[in-house]
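Sequence order for the protein chains is F and H.
Reminder that position 68 of the first sequence reads as 68 in the working numbering, one-by-one numbering, no gaps.
Reminder that position 290 of the second sequence reads as 290 in the working numbering, one-by-one numbering, no gaps.
A hint or two may mislead.
Derived lysine-lysine pairs resembling BS3-like cross-links, with alpha carbons at most 25 Å apart [stated by the list, open to error]:
| # | chain 1 | residue 1 | chain 2 | residue 2 |
| --- | --- | --- | --- | --- |
| 1 | H | Lys112 | H | Lys60 |
| 2 | F | Lys60 | H | Lys12 |
| 3 | H | Lys112 | F | Lys12 |
Simulated from the structure, these hints should not be mistaken for laboratory data.
Number of protein chains: 2
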Amino acid sequence: MRTTPTLEDVSKAAGVSTATVSRCLNTPDLVATATRERVAEAIAALGYTPNFAARVMAAKRTMTIGAIVPTLENAIFARGLQAFQEELNRSGYTLLVASSAYDPVVEADQIKTMVARGADGLLLIGHERDEAIYSYLDTQHVPTVVAWAYDAHRSEVSVGFDNRAAMRMVTEEVLHLGHERIGVISGMRAGNDRVRLRLEGVLEAVSAAGLDRHSVIIVEKPYGVESGAEGFDALMSQVPRPTAIICVNDVLATGAMLRAQGRSYDVPGDISITGFDDLDYARILTPALTTVHVPHRAMGEKAARQLVEMVENKSCGQSIKLDTELKRRGSLATVPVWYSDFN
Amino acid sequence: MRTTPTLEDVSKAAGVSTATVSRCLNTPDLVATATRERVAEAIAALGYTPNFAARVMAAKRTMTIGAIVPTLENAIFARGLQAFQEELNRSGYTLLVASSAYDPVVEADQIKTMVARGADGLLLIGHERDEAIYSYLDTQHVPTVVAWAYDAHRSEVSVGFDNRAAMRMVTEEVLHLGHERIGVISGMRAGNDRVRLRLEGVLEAVSAAGLDRHSVIIVEKPYGVESGAEGFDALMSQVPRPTAIICVNDVLATGAMLRAQGRSYDVPGDISITGFDDLDYARILTPALTTVHVPHRAMGEKAARQLVEMVENKSCGQSIKLDTELKRRGSLATVPVWYSDFN
DNA sequence: TGCGGATATGCAAGCGCTTACATTGCCCGC
DNA sequence: GCGGGCAATGTAAGCGCTTGCATATCCGCA
Numbered sequence: 001m002r003t004t005p006t007l008e009d010v011s012k013a014a015g016v017s018t019a020t021v022s023r024c025l026n027t028p029d030l031v032a033t034a035t036r037e038r039v040a041e042a043i044a045a046l047g048y049t050p051n052f053a054a055r056v057m058a059a060k061r062t063m064t065i066g067a068i069v070p071t072l073e074n075a076i077f078a079r080g081l082q083a084f085q086e087e088l089n090r091s092g093y094t095l096l097v098a099s100s101a102y103d104p105v106v107e108a109d110q111i112k113t114m115v116a117r118g119a120d121g122l123l124l125i126g127h128e129r130d131e132a133i134y135s136y137l138d139t140q141h142v143p144t145v146v147a148w149a150y151d152a153h154r155s156e157v158s159v160g161f162d163n164r165a166a167m168r169m170v171t172e173e174v175l176h177l178g179h180e181r182i183g184v185i186s187g188m189r190a191g192n193d194r195v196r197l198r199l200e201g202v203l204e205a206v207s208a209a210g211l212d213r214h215s216v217i218i219v220e221k222p223y224g225v226e227s228g229a230e231g232f233d234a235l236m237s238q239v240p241r242p243t244a245i246i247c248v249n250d251v252l253a254t255g256a257m258l259r260a261q262g263r264s265y266d267v268p269g270d271i272s273i274t275g276f277d278d279l280d281y282a283r284i285l286t287p288a289l290t291t292v293h294v295p296h297r298a299m300g301e302k303a304a305r306q307l308v309e310m311v312e313n314k315s316c317g318q319s320i321k322l323d324t325e326l327k328r329r330g331s332l333a334t335v336p337v338w339y340s341d342f343n
Numbered sequence: 001m002r003t004t005p006t007l008e009d010v011s012k013a014a015g016v017s018t019a020t021v022s023r024c025l026n027t028p029d030l031v032a033t034a035t036r037e038r039v040a041e042a043i044a045a046l047g048y049t050p051n052f053a054a055r056v057m058a059a060k061r062t063m064t065i066g067a068i069v070p071t072l073e074n075a076i077f078a079r080g081l082q083a084f085q086e087e088l089n090r091s092g093y094t095l096l097v098a099s100s101a102y103d104p105v106v107e108a109d110q111i112k113t114m115v116a117r118g119a120d121g122l123l124l125i126g127h128e129r130d131e132a133i134y135s136y137l138d139t140q141h142v143p144t145v146v147a148w149a150y151d152a153h154r155s156e157v158s159v160g161f162d163n164r165a166a167m168r169m170v171t172e173e174v175l176h177l178g179h180e181r182i183g184v185i186s187g188m189r190a191g192n193d194r195v196r197l198r199l200e201g202v203l204e205a206v207s208a209a210g211l212d213r214h215s216v217i218i219v220e221k222p223y224g225v226e227s228g229a230e231g232f233d234a235l236m237s238q239v240p241r242p243t244a245i246i247c248v249n250d251v252l253a254t255g256a257m258l259r260a261q262g263r264s265y266d267v268p269g270d271i272s273i274t275g276f277d278d279l280d281y282a283r284i285l286t287p288a289l290t291t292v293h294v295p296h297r298a299m300g301e302k303a304a305r306q307l308v309e310m311v312e313n314k315s316c317g318q319s320i321k322l323d324t325e326l327k328r329r330g331s332l333a334t335v336p337v338w339y340s341d342f343n
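Sequences are here, hints too, so could you generate the full structure?
Put into structure tokens, the structure is as follows:
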């Protein structure tokens, strides 16, 4: 069995020491041109590729960045991660991926694995996790960037947007259109600061408009189209029923909309519905979904750049806030006429 | 600076040799229970985590599997990869991800990187790539599984479905409903055997039905909703225009459908449209999209199992063929009345 | 002509772990 | 009571690479 050639094989073939070959690879400037060429030939002739593990072990850098996301199945993470990976690749890093299925225990585990594997840096979603994890990362000197959330009050470096402000913006629009009975289909709040901040945004806007924040009915559902449908039913069985349903993401909103149509409600004639994320298909629903556009790709890209910068310059990094945009589309309209009749 | 504890630190703390500690971690059966417990305590007390690189170097296994997909932004890959990762995780492996953006050169590069990093196995999408790559993988002894395609004629181990047969099935259904003028919106054929096989499936069915395969109009477009819309326009400007448009994936089909509605065509009254993949939103389009359901999750899972099996038992693996299912939905109906009038 | 100082290269000590092989005790059967 | 054998543990040799330090060579300038 022909084994892979090693640095030593190359050094023999080129008639130099292993140190010189290593330098050709890592700091070519320190090597005389003639030598460098001879070594390059030897490398080519032998088809030599450096052994990664050995390199890591000796140099203490892996050129690997780890990312732990709740799930790749959610398009918003997949898209952001794609951009993240592209940018990483551009800088010569490779991406290690794990998914936590929204489970903090699993996530903690994955983080340890990544660190043990020598990831030079880590990308995490959302701020919320055990403080011990952050201090662990700190003592291990693993630069970490939090994405999908921007919170000026937190010390972690983050690249994201203001979930609270974005949702407040949506809610203000809803209120502006005359809705006063508002229902919210929320994701699971536990361990998910993005969801919680979005809910706070809703309540803030409601309070600011002089309405009672307790008039907002919130149902909490796991992620999924089906959940959205269930949430819709739950809200519509309230008396009086809401005239607008604000969903914390597009998937739940989609479920709500399908169920609405299944129950022969007119959207937005009878009931308005809004989402969050601006997934591809928000536009193709009928009516199109009013939602918040999130710059997923930009987020992934900037997170990657930030992380590489932190790893290479040992800088402590800086949070970046991205803008979101309200997409006004067909699923949100003024409060239906029957509503004022009731009052 | 407190450095990470090493095996040696643990061995000292537990009063045993490093070999014993190592054995506790890798082959606990060989260690006396009392010793094992003492070592476990020491490990816990020190917060020891094995150094991955050192381990790899000494043991020549990385417990890492690489996957190279065209893009994560495509939900079908993201979903399959998610399942792949979950299954890998279950077996203790970590996933290394790269995306090729459908570029064979980039892909070849990524493959080399993965091998250099010591990936124990590799997941690739589709059979088609330079023969040199397969022989390279072979000489490097890196077990490889090809997914998203099943082709009994190929020697590579694959886990996937028969793209040709699936598309033939769709086409037969279309023909069965009386359509004779068929348009196809195809993805880019270059370097993409999945697309090519699907097209062949269409033509096979058409020929088998006794129609001229040249009567099928094919337009080739890059991946994207917009492309689907353009493809629709291109096909509808033909004379006579098609009565059914078969798309090689749901994204193109979505574009076609939106454009159809934008141009005030009734789907399926004026024109039938079909897709492929059964993305989440195929069901929520109005009308719902007739398409082929592909078991993405099962595919990812089985590919992972197969790969782990190949890596661990040095077996040469075995291809697995998965079934697809035709989803009959609203976007496909019998040929419109005006059509027979013309004849 | 000689010397300081670049510049180019070699030497060799690890990096933290696994594992083949050696060693030590101990139990058992005859 | 003794040797054989097995179970438990230790010893130490790498794995392939990087890098601090030592060495060698060459240049220019006084």
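Could you work out which of the previously given hints the structure breaks and list their numbers from low to high?
Going through the list in order, the structure violates no hint and respects every one.
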